[in-house]
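Residue numbers (this note's numbering), protein chains in the order written: chain G, 1 to 498; chain W, 1 to 1211.
Just so you know, these hints were derived from the structure itself, not from any lab. Mixed in with the good hints, there may be bad ones.
[Unchecked claim] Cross-link-like lysine-lysine pairs, in silico, DSS-like; alpha carbons within 30 Å at most:
{"id": "1", "chain 1": "W", "residue 1": "K11", "chain 2": "G", "residue 2": "K477"}
{"id": "2", "chain 1": "G", "residue 1": "K483", "chain 2": "W", "residue 2": "K11"}
{"id": "3", "chain 1": "G", "residue 1": "K203", "chain 2": "W", "residue 2": "K11"}
{"id": "4", "chain 1": "W", "residue 1": "K315", "chain 2": "W", "residue 2": "K955"}
{"id": "5", "chain 1": "W", "residue 1": "K11", "chain 2": "G", "residue 2": "K313"}
{"id": "6", "chain 1": "W", "residue 1": "K904", "chain 2": "W", "residue 2": "K919"}
{"id": "7", "chain 1": "G", "residue 1": "K312", "chain 2": "G", "residue 2": "K483"}
{"id": "8", "chain 1": "W", "residue 1": "K1108", "chain 2": "G", "residue 2": "K136"}
{"id": "9", "chain 1": "G", "residue 1": "K61", "chain 2": "W", "residue 2": "K1108"}
{"id": "10", "chain 1": "G", "residue 1": "K371", "chain 2": "W", "residue 2": "K305"}
{"id": "11", "chain 1": "W", "residue 1": "K1057", "chain 2": "W", "residue 2": "K1108"}
{"id": "12", "chain 1": "W", "residue 1": "K11", "chain 2": "G", "residue 2": "K312"}
{"id": "13", "chain 1": "W", "residue 1": "K1104", "chain 2": "G", "residue 2": "K371"}
{"id": "14", "chain 1": "G", "residue 1": "K136", "chain 2": "W", "residue 2": "K1208"}
{"id": "15", "chain 1": "W", "residue 1": "K1158", "chain 2": "G", "residue 2": "K136"}
{"id": "16", "chain 1": "G", "residue 1": "K136", "chain 2": "W", "residue 2": "K1205"}
{"id": "17", "chain 1": "W", "residue 1": "K48", "chain 2": "G", "residue 2": "K483"}
{"id": "18", "chain 1": "W", "residue 1": "K48", "chain 2": "G", "residue 2": "K477"}
{"id": "19", "chain 1": "W", "residue 1": "K1060", "chain 2": "G", "residue 2": "K136"}
{"id": "20", "chain 1": "G", "residue 1": "K375", "chain 2": "W", "residue 2": "K472"}
{"id": "21", "chain 1": "G", "residue 1": "K215", "chain 2": "W", "residue 2": "K11"}
{"id": "22", "chain 1": "W", "residue 1": "K472", "chain 2": "G", "residue 2": "K371"}
{"id": "23", "chain 1": "G", "residue 1": "K290", "chain 2": "G", "residue 2": "K334"}
{"id": "24", "chain 1": "W", "residue 1": "K669", "chain 2": "W", "residue 2": "K730"}
{"id": "25", "chain 1": "W", "residue 1": "K48", "chain 2": "G", "residue 2": "K484"}
{"id": "26", "chain 1": "W", "residue 1": "K1043", "chain 2": "G", "residue 2": "K371"}
{"id": "27", "chain 1": "W", "residue 1": "K955", "chain 2": "W", "residue 2": "K904"}
{"id": "28", "chain 1": "W", "residue 1": "K48", "chain 2": "G", "residue 2": "K215"}
{"id": "29", "chain 1": "G", "residue 1": "K371", "chain 2": "W", "residue 2": "K421"}
{"id": "30", "chain 1": "W", "residue 1": "K315", "chain 2": "W", "residue 2": "K440"}
{"id": "31", "chain 1": "G", "residue 1": "K375", "chain 2": "W", "residue 2": "K306"}
{"id": "32", "chain 1": "G", "residue 1": "K136", "chain 2": "W", "residue 2": "K1104"}
{"id": "33", "chain 1": "W", "residue 1": "K609", "chain 2": "W", "residue 2": "K596"}
{"id": "34", "chain 1": "W", "residue 1": "K904", "chain 2": "W", "residue 2": "K162"}
{"id": "35", "chain 1": "W", "residue 1": "K305", "chain 2": "G", "residue 2": "K375"}
{"id": "36", "chain 1": "W", "residue 1": "K472", "chain 2": "W", "residue 2": "K606"}
{"id": "37", "chain 1": "G", "residue 1": "K484", "chain 2": "W", "residue 2": "K11"}
[Claimed, not checked] Just so you have them, the derived chain W footprint on chain G, three or more residues with Cβ under 8 Å:
{"id": "38", "segment": "247-258"}
{"id": "39", "segment": "355-361"}
{"id": "40", "segment": "424-437"}
Idealized CB from N, CA, C, for every residue including glycine.
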Amino acid sequence: MDVRAQVSMVFHLDKCIGCHTCSIACKNIWTDRRGTEYMWFNNVETKPGTGYPTQWENQDKYKGGWEVSGGTLRLKSTSKAKYLPNIFHNPTMPTMDDYYEPWTYRYQDLFNSPPGDDQPIARAVSMVTGEPMEIKAGPNWDDDLGGSPIYASNDVNLSAVTEQQRQQLNALERLVFFYFPRICNHCLNPACVASCPSGALYKRGEDGIVLINQKRCRAWRSCVSACPYKKSYYNWNTGKSEKCLLCYPRLETGQAPACFHSCVGRIRYLGVLLYDADRINEVAKLPQDKLIDGQRDLILDPFDPKVIEGAKKNGMTDEFIQFAQRSPVYKFVKVWKIALPPHLEFRTLPMLFYVPALLPVLGSTENDIYKSNTKPEDIFHKFNEMRVPMEYLANLFAAGDVNKMNYTLRKLMAVRVFKRAQTVGDIPMATALETLAQADTNEKEAEAIYRMTALPTFAQRFVIPPLAREVAIEAYKDPQEHKKEAGFGFTIEPKRGL
Amino acid sequence: MSWIQDIVSPKTRDWEEFYRNRWAHDRVVRSTHGVNCTGSCTWNIYVKQGIVTWELQATDHLELEGEIPPYEPRGCQRGISYSWYLYSPMRVKYPYIRGSLLDAWTAARSRIQDPVEAWASIQADAKLRAGYQACRGKGGFRRTDWETVLELMAAANLYTAKKWGPDRVIGFSPIPAMSMLSYAAGARFLQLFGGVNLSFYDWYCDLPPASPEIWGEQTDVNESADWYNAKMIAVMGSNLNMTRTPDAHFVTEAKHNGTKLVVFTPDFAQVSKLADEWIPVHQGQDGAFWMAVNHVILKEWYVDKKTDSFLDYQKRTTDNPLLVRLEKEGDTWRPGRLLRANTQDAYKGEEHGDWKFLMWDSKTGRPRMPMGFAGHRWQKKKGQWNLLLKDGVTGEDIDPLLSFAEIKDEALSVQFDDFTKAGTCNRDIPVKYVDTPEGKVPVTTVFDLLFGQFGVARPGLTKGYAANYDDKEAVYTPAWQEILTGISRENVVKFARQWARTAELTGGKCTVIIGAGINHWYHNNLIYRAAIVSMMLTGSVGKNGGGMAHYVGQEKLAMGEPWGAIAFARDWNNAVRLQQAPVWHYVHCDQWRYEKHFSDYHVLPKNQKPGSLAQGHTMDVAVTAVRNGWLPFFPQYNRSSLELAQEAEKAGAKSDQEIVKYVVDKLKKKEVQFTVEDPDAETSWPRVWYIWRGNALMSSAKGHEYFLKHYLGTHSNAIASEAVAKDSVKMVKWWDTAPRGKMDLVVDLNFRVDTSALYSDIILPAATWYEKADLNTTDMHAYVNPLSAAVPPCWESKSDWDIFKALCKKIAELAPKHFPNPVKDVMSGPLMHDTEAEVAQVNIPDWLDGKDEPVPGKTMPNMSVVVRDYTKMYQRYIALGPNFAAKGMHAHGTHYECADHYEKFIKHPKKRVVEVDGKVCPSIEDAEEAADVVLHFASVSNGEMACRGYEDMEKRTGVPLMHLAEGSRNVEMTYKDIQSQPRRQHNSAMWSGLPSNGRAYAPFVYNVENNVPFRTLTGRQHYYLDHHMYLQYGEHLPTFKPKCSPTSYGDLVYTGKDDKVLMLNYLTPHGKWHIHSTYGDNERMMTLSRGCEPFWMNHLDAEKAGIKDNDWVEVHNDHGVLVTRAAVSARIPPGVSIVYHSPERTLNVPKSPLRGNKRAGGHNSLTRTRLKPNLMCGGYGQFTFYFNYWGPTGCNRDTHVLVRKLPKLEY
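Start from the sequences and build out the full structure, keeping to the hints where you can.
Here you go:
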């Protein structure tokens, strides 16, 4: 057992309001420079929808992630056979058409237009060419476009639903959308790291954050292709690729990443998971229907004396282990089993988990009169009567396993039924307790899930471990010298091709 | 340390400083955004090397009580994009002026030494004037300097005061609460000058008239945290996650605590995603659903069983037990007016006996008069204005009978309206006969009338009533509403049962969260009333977790008392000029000329009697409203108010009273006219317009193209005839040609070039929200937040406080030549809410035809005299005037003295003073000083003031209230305090929630828990409205009126239609990527949307019109044209289109082939103002004017448009 630590994440999609504050918090700080315009380390997608870059989940097209071949794991994008011929041209790399052409407006014309016989405007111009352009795509182009025959209907995850179901998603009775915020998953088996010919990508030992060394990157862009989530981007100005850094400068100072901090829906949780690094390869190769349980097994119980011993052996302090024990992510993922990884079938072992959204009940229409499909006596509808095909959700978050999705949603609904019985009483408590039991849970756990879902403070949502900067620095420099010198020096912009 | 080192050693990771350096910053300052989003979020602004680089939410709110989730973090995608503006290419860095005006000014100034005379020479030259007006909005700006523009503006002001009167200088700035000192700056300048402030909350259609109708309150709502206390939430017309972004989490969190969420929206709006049930109700028809819900509640909770807690609530807090007279009309009876207390011998001698009412006491079996009515509020004897159920004379306990069903003398067949059929129905109502001076009259109770109105039969009372829920023909049954709402009867019944049951089990924890999606319809008041009735019937108003949570606009200015004194210069003057904007725009930009009778689109009871105000042209009702003192109107007269005062004195008037009398006589003899009677005469025009903190010409300009035509005198894309009203108006002088270009000068203060800036004559560079000191409050939470300068005002920008200060200084400099001495100004204003004018007009007066005497403040507007000294404008602006101490603090009918604290400020060794005319006053030269005054003298932020407020209220009500201020007496806030942490307001008599000790603010808990009356006619919540106009309009009871039909509404009379063109209802709800027009033009928001605000339409509609997603479309009607791109989705229902409020016409807008290839407009190019006339009534209980409180609103949801694919794209 090789006990390692990963700062991991849970996004509670039932709470997500699709506001994109997270995206802008990130953009303001990290990707507001020339060359980074189109980079969205954090983006939010409307689901069903095609996402950003468009249809990124389609690995037939992009060849991201891993595949198991002859009992071994290999990258889909750059297996040895494909690597050399494609080193200067990678056909699976997303192009500007898959992203968008960034634009701005000629705002100055509003001040500077000479007197004329009609009102002046600020034309849209390309940030790439500076020329006027027609806007045909953007990083959030199908925002709120549920019920779109062009976008929602072409969601890759709808492959499992019938044509009839797909059509119904455009009808009043079934129409639905929800939000899917995405950042780098800081995977345990990151395809981007494995793909880099320059060895510029690495996973930090202390927190598992995956980074691209801006000094070492040589613009091969293999990481862009290899990442099945398309969360690595090429900076055309510096000639380096960049990606989400989980705001390590903030984490190192005890602050949640900007997108977590700014999340107004309060959907985000962050905390340490301990895992067994010895078993990564084995788990990543499991058959698809074993993947969810496999990844959960990989995550270790921070209260287990053997795990603690292993953690200590690997240099973790008592305090650090206590943070792992208090991790809200551990509870959601491992204890309550209501947070699931996105597209685990890509086999990168993502360490960002999602609590799926509860969605409104289905309806029916007769003679143009709409009716909700609930029984008169029901306060809440059943978890599986909501407006979205379960197969669809399972494709997104449960590697296609509908049972895993049902388990999660049933438990979430059961908690609500229990709280209704407790706070209003129009559902009998006996019924509520039975509902809890059917959902593999009980009063105590339901209360804990409720509190962590509804009431948590910043400190409860973000359990940020001490990252021991002084220890890291000490490895190569006297921390006191660092204190005296920190920040001095000239800023030299990295040049293209460095 | 293998866990750090084993993969990559720290040494090779030293490049990581790359991102650490970016994160490093030099300063963090707390500020917020002044943008009418209702957020009032507390933000940290990050400054690096003297440059603002980004912002993130501050997270240090004080926690609320018990099991309520934290507020943190507050702030949204729009707010977090604000830092983009500061150094952007659209930042206004310097003053700008249009070249054609500057040339005229320079030429005039080279000839004429005196700036005022120079301006006069330009205005005298009609061609020159029309010439620079025609250039408005068409480029040609030049950078200029502060001295030039200040002199020009000062000259224009003084010229206008001298030539026409000061009330031709007007200002528009919305929503003070979002940056209250910046608002106060311009308002203070205007009121010191004698100018006019335009209202905003009503003009934006944010004001829900149902709130004053029912509660006598502008708006008072739950802070968002209180949603968490609700156990059932209905959301209607409010797109929570999109428009209440920082607050939506309380709803998602409440769900996990067992709360049920039902969402009513016609489209699958973003909020639908959060719902347990989404009810796709037809747009604008929600009222029908709620009327049927009320039918079910009455039937099952009041007839099938008696719900004691609900019944008790009706008796104690509503008008349900009050007696109503029935009036014979032909061979039927109709509900009439409330029976007055002075009709009974026992109460004959009562002061204001017409303003006190009666309940049937079940113990003594006769009508008894409890307390708490408007008559008790305004009588000499204080201490009887309370809701105790005791006889107002004897003090004996009263047990009111709610219904005569079991003790009736008779059942009369009473007529009720059925507006869906434009007809009536008759239903049996139980009555008692009561002796009055007019003889025996039949009376019933409001409660009994409710059963009649909703059609709920009771044992022995079945004639004319609905047979059952499936009775489609009977109004207000669940089956009746199906065709209107498109929602099944089963849904109604189920919803009603769950709603009432939840309320019964939880003591009223049912909340309706409601917003602009409802409030912008013509009949919004009725939709609101229908929903509010469901909460009154279930005892859910005045409860934590219950009530009508209306959020449209950041109307809540928590520190209202001292702020009002500063903003409206009440510290110097006794009277103000505050204008109801909807009426003003309707009249002055000539929109009244474009319509005929309002009865064309507003369904009314038939057989109106002669003299009824429920017929004719809206303009004629407006004239009546102004004459009777119901609504203000400026300019006041077709003569200068300065000149009239001077003339009166010449004619021998010795006192203010005699001056007033002189003017009243002139009005009576028709020698002086109200301008509303002849708005197109040049003597009636507004002349100089200041716009600040808002986008008056675009985002709020319903009828934008008419603004361009009649106010600005520039190009317009409207094609409607301006002579439609010619034969319909009776009380207004008709001019065959409508004037163009009424405004001499339009000035915009701005940090960016929005449409208003682009169309103004002068743009002044305003400091951003990260560059000035200010205060910000909201109704979404009960904290006080500051705006602060993270960096000083950039380039040549100045704060609004400093800009208007500089203007005052320049006016004072130029004034001595033109106004060497103080001048008297005759003031006219309406009958005001929370004053004795609430008991002014039992019946509608008519003094012009000699039926009544013209008595200012009684049968006509209030009148008074103010002395102006233009040479002292600056000194007065920077000094907190003596009236501040002498008059004490007022708001919402509360009062407290503060002279001792005023003295304290003067004597305070660290505070500055200013001397004006030998009087020493506290200084408010700097905005920060004003902020400290506001915080110190307000009852929500200074516990001593709170105590004084409650003390005063105890005297008025006679009930104990001081316990509410316990623990706050020593609390004081300063500007520095709120910069260090958002501070929470404490209980205050100004507000009806009780937020002390972390209790979530819920409206009217103060009233319901403490027997403090509502500020209405009866002191109770009103189901019944017995003003003559409400009776005439058939809105005396909660009712349903159908939407205005597209053919009768008159949007498409002149617009051609061919096969490929599609007609759609045009909705402009609040959007995701902007707050009104702000943010919607920045790179961030444009990138995350589609580079424009698209035209959302249904996929089947789009197919019909041959339109594909992202095609350019040309959307048009009689009023104008909009060209944008289509967003096609099944989430929009057929027949509906949405353009989210509000795009600018400045960004990437193509030309319109339909309008001669001229530039297309913005979303308001397709709208026009129509006013609902019964909302103009006044002088009667809660129907009394207050600024932004009462009057018709600027609704625009009933608009229809045609859409086609744009044939040719050209910029």
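Status of the hints after comparison with the structure:
Restraint check for K11 (chain W) and K477 (chain G): the C-alpha separation of about 9 Å stays at or below 30 Å, so the hint holds. Restraint check: the Cα-Cα separation between K483 (chain G) and K11 (chain W) comes to about 17 Å, which is no more than 30 Å; the hinted pair holds. Under the criterion of a C-alpha separation no larger than 30 Å, the hint pairing K203 (chain G) with K11 (chain W) is consistent with the structure, at around 15 Å. Distance hint between K315 (chain W) and K955 (chain W) is fulfilled; the C-alpha atoms sit about 24 Å from each other, no more than 30 Å.
Restraint check for K11 (chain W) and K313 (chain G): the C-alpha separation of about 22 Å stays at or below 30 Å, so the hint holds. For the hint linking K904 (chain W) to K919 (chain W), the alpha-carbon distance of about 15 Å falls within 30 Å, and the restraint holds. Annotation: proposed proximity of K312 (chain G) to K483 (chain G) holds, straight-line Cα distance about 28 Å (limit 30 Å). For the given pair, K1108 (chain W) sits about 13 Å from K136 (chain G) by alpha-carbon distance, which is consistent with the 30 Å threshold.
For a cut-off of 30 Å, the pair hint linking K61 (chain G) to K1108 (chain W) stands: about 26 Å separates their Cα positions. Taking the CA atoms of K371 (chain G) and K305 (chain W), the gap is near 28 Å; set against the 30 Å cutoff, the hint holds. As the CA atoms of K1057 (chain W) and K1108 (chain W) are separated by approximately 20 Å, the hinted pair is consistent with the 30 Å bound. Distance restraint check for K11 (chain W) and K312 (chain G): the Cα-Cα separation of roughly 23 Å lies within the 30 Å cut-off, and the hinted pair is therefore satisfied.
Of the supplied pair hints, the one linking K1104 (chain W) and K371 (chain G) holds, its CA atoms being roughly 27 Å apart against a limit of 30 Å. Between K136 (chain G) and K1208 (chain W) the CA atoms are separated by roughly 17 Å; this keeps the pair inside 30 Å, and the hint holds. Taking the CA atoms of K1158 (chain W) and K136 (chain G), the gap is about 24 Å. The hint holds against a cut of 30 Å. A threshold of 30 Å between alpha carbons decides the hint, and for K136 (chain G) with K1205 (chain W) the separation of about 17 Å falls inside it, so the pair holds.
Distance restraint check for K48 (chain W) and K483 (chain G): the Cα-Cα separation of roughly 20 Å lies within the 30 Å cut-off, and the hinted pair is therefore satisfied. This hinted pair checks out: K48 (chain W) and K477 (chain G) have alpha carbons roughly 27 Å apart, not beyond 30 Å. With a C-alpha separation of about 24 Å, the suggested pair K1060 (chain W) and K136 (chain G) falls inside the 30 Å cut-off, and the hint holds. Distance restraint check for K375 (chain G) and K472 (chain W): the Cα-Cα separation of roughly 23 Å lies within the 30 Å cut-off, and the hinted pair is therefore satisfied.
Annotation: proposed proximity of K215 (chain G) to K11 (chain W) holds, straight-line Cα distance about 13 Å (limit 30 Å). For the proposed pair K472 (chain W) and K371 (chain G), the alpha carbon gap of about 17 Å is at most 30 Å, so the pair holds. Taking the CA atoms of K290 (chain G) and K334 (chain G), the gap is near 15 Å; set against the 30 Å cutoff, the hint holds. At roughly 19 Å between alpha-carbon atoms, K669 (chain W) and K730 (chain W) fall within 30 Å of each other, so this suggested pair holds.
Restraint check: the Cα-Cα separation between K48 (chain W) and K484 (chain G) comes to about 20 Å, which is no more than 30 Å; the hinted pair holds. A distance of roughly 23 Å separates the Cα atoms of K1043 (chain W) and K371 (chain G); the hinted pair therefore holds under the 30 Å criterion. For the suggested pair K955 (chain W) and K904 (chain W), the alpha carbons sit about 27 Å apart, so the restraint of at most 30 Å is met. Taken as a hint, the K48 (chain W) and K215 (chain G) pair is honoured in the structure, with Cα atoms around 25 Å apart against an allowance of 30 Å.
Distance restraint check for K371 (chain G) and K421 (chain W): the Cα-Cα separation of roughly 25 Å lies within the 30 Å cut-off, and the hinted pair is therefore satisfied. Between K315 (chain W) and K440 (chain W) the CA atoms are separated by roughly 26 Å; this keeps the pair inside 30 Å, and the hint holds. As the CA atoms of K375 (chain G) and K306 (chain W) are separated by approximately 26 Å, the hinted pair is consistent with the 30 Å bound. A hinted pair counts as satisfied when its Cα atoms are at most 30 Å apart, and K136 (chain G) with K1104 (chain W) qualifies at roughly 23 Å.
A threshold of 30 Å between alpha carbons decides the hint, and for K609 (chain W) with K596 (chain W) the separation of about 20 Å falls inside it, so the pair holds. As the CA atoms of K904 (chain W) and K162 (chain W) are separated by approximately 40 Å, the hinted pair breaks the 30 Å bound. About 23 Å separates the Cα atoms of K305 (chain W) and K375 (chain G), which keeps this hinted pair within 30 Å; it holds. For the suggested pair K472 (chain W) and K606 (chain W), the alpha carbons sit about 23 Å apart, so the restraint of at most 30 Å is met.
Under the criterion of a C-alpha separation no larger than 30 Å, the hint pairing K484 (chain G) with K11 (chain W) is consistent with the structure, at around 18 Å. With 6 residues having a Cβ less than 8 Å from any Cβ of chain W, the segment 247-258 of chain G passes the three-residue criterion, so the hint holds. As drawn, the segment 355-361 of chain G meets chain W at 5 residues by the rule of a beta-carbon pair under 8 Å; at three or more, the given contact holds. Counting residues of the segment 424-437 of chain G whose C-beta lies closer than 8 Å to any C-beta of chain W gives 3; at least three are required, and the coverage claim holds.
When held up to the earlier numbered hints, the structure conflicts with hint 34 and nothing else.
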